[in-house]
Every structure is written in C-alpha cells, then in structure tokens.
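Colleague: Protein sequence lines correspond, in order, to chains R and G.
1 is the number of the first residue of the first sequence in the numbering used here; add one for each residue after it.
1 is the number of the first residue of the second sequence in the numbering used here; add one for each residue after it.
No wet-lab data here; the hints were simulated from the structure.
For clarity, every value in this text was computed on a predicted model and none was experimentally measured.
Cβ coordinates follow ideal geometry from the N, Cα and C atoms, glycine included.
Hints are supplied without guarantee of correctness; some may be wrong.
[As the list claims (entries may be wrong)] Okay, the calculated bits of chain R under chain G, using three or more residues with CB under 8 Å as the criterion: (1) 9–23; (2) 251–260; (3) 275–284.
[Stated by the list, open to error] Calculated Cβ distances over 10 Å to all of chain G for the following chain R residues: (4) L33; (5) R37; (6) L45; (7) D49; (8) E64; (9) D66; (10) N85; (11) A111; (12) S123; (13) N131; (14) V144; (15) G188; (16) E226.
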Amino acid sequence: MDKMGSRKEEVIHILAVGLRKLLDFGSMDFSKLQEIRLRVGAPFLIVYDGKEHFLDRAGRFTKEVDRAYTVNQREIRETLEHISNYSMYAFEEELRQGYITVQGGHRVGVAGKMIWERQGAKSMKHISFLNIRLAHEVAGCADVILPYLIREQGIFHTLLISPPRCGKTTMLRDLIRQLSDGDGSRDGMTVGVVDERSELGACYLGIPQNQVGCRTDILDGCPKVEGMMMLVRSMAPKIIAVDEIGSREDVEAMEYVMNCGIFLLATAHGNSIDDIKNKPVLGRLVREKVFGRYVLLQPGKIGKIQAIFDERGSVLFSGGQQQGLSGRYAC
Amino acid sequence: MLKAAGVVLVLLGCSGMGWYAVSKHSARIRMLAELEQALQYLYGEIEYSGCDMIELLDKLALRQGYFEGLWENMGDCLRSYDGRGFAYHWTREIHNVETIGCLKQTDLDLLCSVGENLGNMDRQTQLRTLEIFQARLREILVQARREFGEKAKVSSIVWITAGLFLTLVLI
Numbered sequence: 001m002d003k004m005g006s007r008k009e010e011v012i013h014i015l016a017v018g019l020r021k022l023l024d025f026g027s028m029d030f031s032k033l034q035e036i037r038l039r040v041g042a043p044f045l046i047v048y049d050g051k052e053h054f055l056d057r058a059g060r061f062t063k064e065v066d067r068a069y070t071v072n073q074r075e076i077r078e079t080l081e082h083i084s085n086y087s088m089y090a091f092e093e094e095l096r097q098g099y100i101t102v103q104g105g106h107r108v109g110v111a112g113k114m115i116w117e118r119q120g121a122k123s124m125k126h127i128s129f130l131n132i133r134l135a136h137e138v139a140g141c142a143d144v145i146l147p148y149l150i151r152e153q154g155i156f157h158t159l160l161i162s163p164p165r166c167g168k169t170t171m172l173r174d175l176i177r178q179l180s181d182g183d184g185s186r187d188g189m190t191v192g193v194v195d196e197r198s199e200l201g202a203c204y205l206g207i208p209q210n211q212v213g214c215r216t217d218i219l220d221g222c223p224k225v226e227g228m229m230m231l232v233r234s235m236a237p238k239i240i241a242v243d244e245i246g247s248r249e250d251v252e253a254m255e256y257v258m259n260c261g262i263f264l265l266a267t268a269h270g271n272s273i274d275d276i277k278n279k280p281v282l283g284r285l286v287r288e289k290v291f292g293r294y295v296l297l298q299p300g301k302i303g304k305i306q307a308i309f310d311e312r313g314s315v316l317f318s319g320g321q322q323q324g325l326s327g328r329y330a331c
Numbered sequence: 001m002l003k004a005a006g007v008v009l010v011l012l013g014c015s016g017m018g019w020y021a022v023s024k025h026s027a028r029i030r031m032l033a034e035l036e037q038a039l040q041y042l043y044g045e046i047e048y049s050g051c052d053m054i055e056l057l058d059k060l061a062l063r064q065g066y067f068e069g070l071w072e073n074m075g076d077c078l079r080s081y082d083g084r085g086f087a088y089h090w091t092r093e094i095h096n097v098e099t100i101g102c103l104k105q106t107d108l109d110l111l112c113s114v115g116e117n118l119g120n121m122d123r124q125t126q127l128r129t130l131e132i133f134q135a136r137l138r139e140i141l142v143q144a145r146r147e148f149g150e151k152a153k154v155s156s157i158v159w160i161t162a163g164l165f166l167t168l169v170l171i
C-alpha cells in the first residue's frame, strides 16, 4: 500500500462507521487533511489544505452549518473505542494528559468532564470533543537552517522560536532526522529525544511513526526534566532534543545537559527573541549567550523562516519578510 | 418379540432424552464456570498489565473450552476495525457459540451486559464493573450447582416415567 493509501486507512480506521462514510465518499486528498474535529451535536468539521470545512451527509464540503452532518454521542463513543483499541482503561495516563497517539503518529486530543483529585487530574469522563490532528512530516524543511547550526565539533546549542502552529516541532523533527542520519559530507550523530507529548517521534507501541533518524533514541511520554537526565546517564547522546521548554526546571536540566558536553536542540513559544528574553527563566540563558543559534519562524506562516541569529544577535540568515529584523539584534 | 423391541427402543429413547437434559444442565454449569474464569483473568490482566482488549482476547483464545471461538472471533472482529463498536460484535458473536443454547436467558442477558461494559471505561470503573459481573455470575453458578442434583434427578425420573407411560399406552 502506498503512503497515501496507508494514511487514509489509518484515519478511516479510527472513525465510527457513520463518519468514515463521509470521508470515504469523495476523492479527498488525504495528504491535505490536517484535522478532524468531532463535537457531540455539532457539525462534522475538517481542516483541509489550511481551511476549515463542514462536511454534509454526502461528504461534500459546505459552509452552511444547517447542511452539515451532525456528530452524535454514539459516533464519538465508537470513535473513542477504535482510538483506544477498545481498551479505554489502558489509556488512563494519556487521557490525563488530554490526548492519545494512534498508529501513524496522529494525535487525538480529547475533552470532556475532568475528574480531579488532590494530586491533579485523575481521569476524564463524558468525552464529547475529539480533535484528530494528522501527523505531517515535511522531510527537508530544515535544509535551509541546518548549515547554520553545524560546527566542527558538532552543532551549536540551538533554540527554535515561534508561536504555536507555525511548524517549529516539524522543523525540530527534521533537524533531528538529518543530524541523526548524517549525509555524505557529515557523519550522523547520536540524538536523544525527550518526547514528552509524543509529538516528535509519535511513538505507537514504542515504535516511532515519524522518521527521526537511525541514530535517534526516544524517551516517549517522559517529562522533559527527568528525561534529559535519564538520556545523559543511559544513552550517551551527542545531541539532546526537547520540544517546548519554558519552566525553571526545564532550564536547569538544560544547563546540566550543556555542562555535560551535550549539544541541545530546543523549541520555545514566542514571536521574537525579545519574547524569550522577557521570560524570567529562559531570558537569562539568552542574556548569558548560552544558545549559539536562534531560529525564528515567521508568525502566521507555517514553516517560513524569518531569521537565524547567532548568540550575539547578529543576523546570519533573513527570510526577507520583515524589514525590522535585518541588521544586528542586541542580546 | 417386536413389541419387546419397541418397548426397549421407547425406554432407551426416553432415557436418552433424560440424559440429554441432564448433560445440558451440566454444560451450562461448565460454561458459567469457564466464563467466571475468563472474567477473573480479564480482571487480573487489566489490573496488572493493562493490556489492550485485542491482546487479552487473543490470550483467552489460547484456552480451550466452550468460548474459545468467541474469544478468537472477537479478536478478529476488533482487528478488522470495521467501524462497529465492541458491544455490537460481542452480541453477534455470542450467538455463534455452538453450545449457547445450554444457557438460560438470564445467563445470556448477563453475558450481553458484560460485552456492553468492556473496554469503554477507565481502569478503576472497569475493574469495579468486572467485580459486579463476577459476583452476579458467582451467584448464578452457585444456584445452578445447588439445583443440578435435584434437576438431574427430576429430569431422569420424568423422562423414564414418560417412557414407561408411553410403553404402557403403546402395548
């Protein structure tokens, strides 16, 4: 089966029988399907090629809510059964986190009534909202930035910065893959990945569903702080990659990793380096010039690189989209 | 001579019917006991290993017994991801069990309820639900075992008496 066929199968398999008919009707290009949103009593909604569409009973796109197919409770329950392999009890931890990763690396966000106890979230019941986010790999999306990160001894400590949904995780994944595999001119490096939210490797039954390179070890579903320490002690990585850092503990663990002679690849939310600099904990690392490279993605444009800076704030690469960013940035 | 042969045949036939009724009771008890063991197994596995339902059904299918086919077919159905729910497959498949006729309607209702409540809840609730089913099943089993001797005796006597009566009528 070709990749698109298997992607279609993966998506169709997790839906209730009534819903899979809607997607199966037309000649939908599943590579353009990004999200499926199911809400009890609400229209069947998909994000296709960057735009939201309702689907009617015949699986056709429509803008009219009245004509859209309405999802019912039974369909949500059946979809959940498929997502959990008919074993909701086996996904308690995932439900506490609010998402389940399914075969193909697709992530299903769930929402409903949370059950809390003193230690925090205990479980979730009456699940009525599902958001199926389809995994997208963009092999080669980091081609432009990779040369700026490489140095003789390895790579620069690098921070990828962007607001949510601009492609920084996809970019990080491709960096991991390329650094791990190497190429004709550059040897591959052992990369340890702490994949707290299963976004990078999208492991299913322990096996990465995304291409993360042949020298990559993944700690899946592991908290970043503990994961970084574990990787240093157990897997002797040359590079450690983590997604969405920000807390004081994250930063302390990162410093520990850097002091062990390991290169760090990380991402953080922000619109600019100023945003990072203004963060109480992460800002200190910027001021102390700990990171050798900052890769800034353009807000609102998925995967578009706005600029690459060095530790002093000099612009090494500019996407040429925003005039204000050309020149030097004083860190 | 012919009459004697007829008498023997009628008596044998009626005794056979009596034996069949007794074996049906006996099979029901064995089926319920097997089901109780299966529920215990599911309880233990869900509590300690947290394996998913397909894996559990595959493991159950390795055990020989009345429900061997049910576990195997259920595993296959779930693996097909045909869009139907667990309860749908369960209800359909239990009626395909060869000896399902040995169970009473109350047993069947309980069996259907098990299927409706498997795999679609969190671990704690799942375990509690299995405990409830186990308790109900144990009650049914205890009662069935208690009644077995009496029922066996009554069935045998009734059918043999019926045979004798038929013989008298026919003679």
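Colleague: If a hint holds in the structure, say so; if it does not, say that too.
Modeller: Against the structure, the hints come out as follows:
no.	hint	verdict
1	9–23	holds (count 7)
2	251–260	violated (count 0)
3	275–284	violated (count 0)
4	L33	holds (18 Å)
5	R37	holds (19 Å)
6	L45	holds (20 Å)
7	D49	holds (26 Å)
8	E64	holds (27 Å)
9	D66	holds (26 Å)
10	N85	violated (4 Å)
11	A111	holds (15 Å)
12	S123	violated (5 Å)
13	N131	holds (20 Å)
14	V144	holds (40 Å)
15	G188	holds (35 Å)
16	E226	holds (21 Å)
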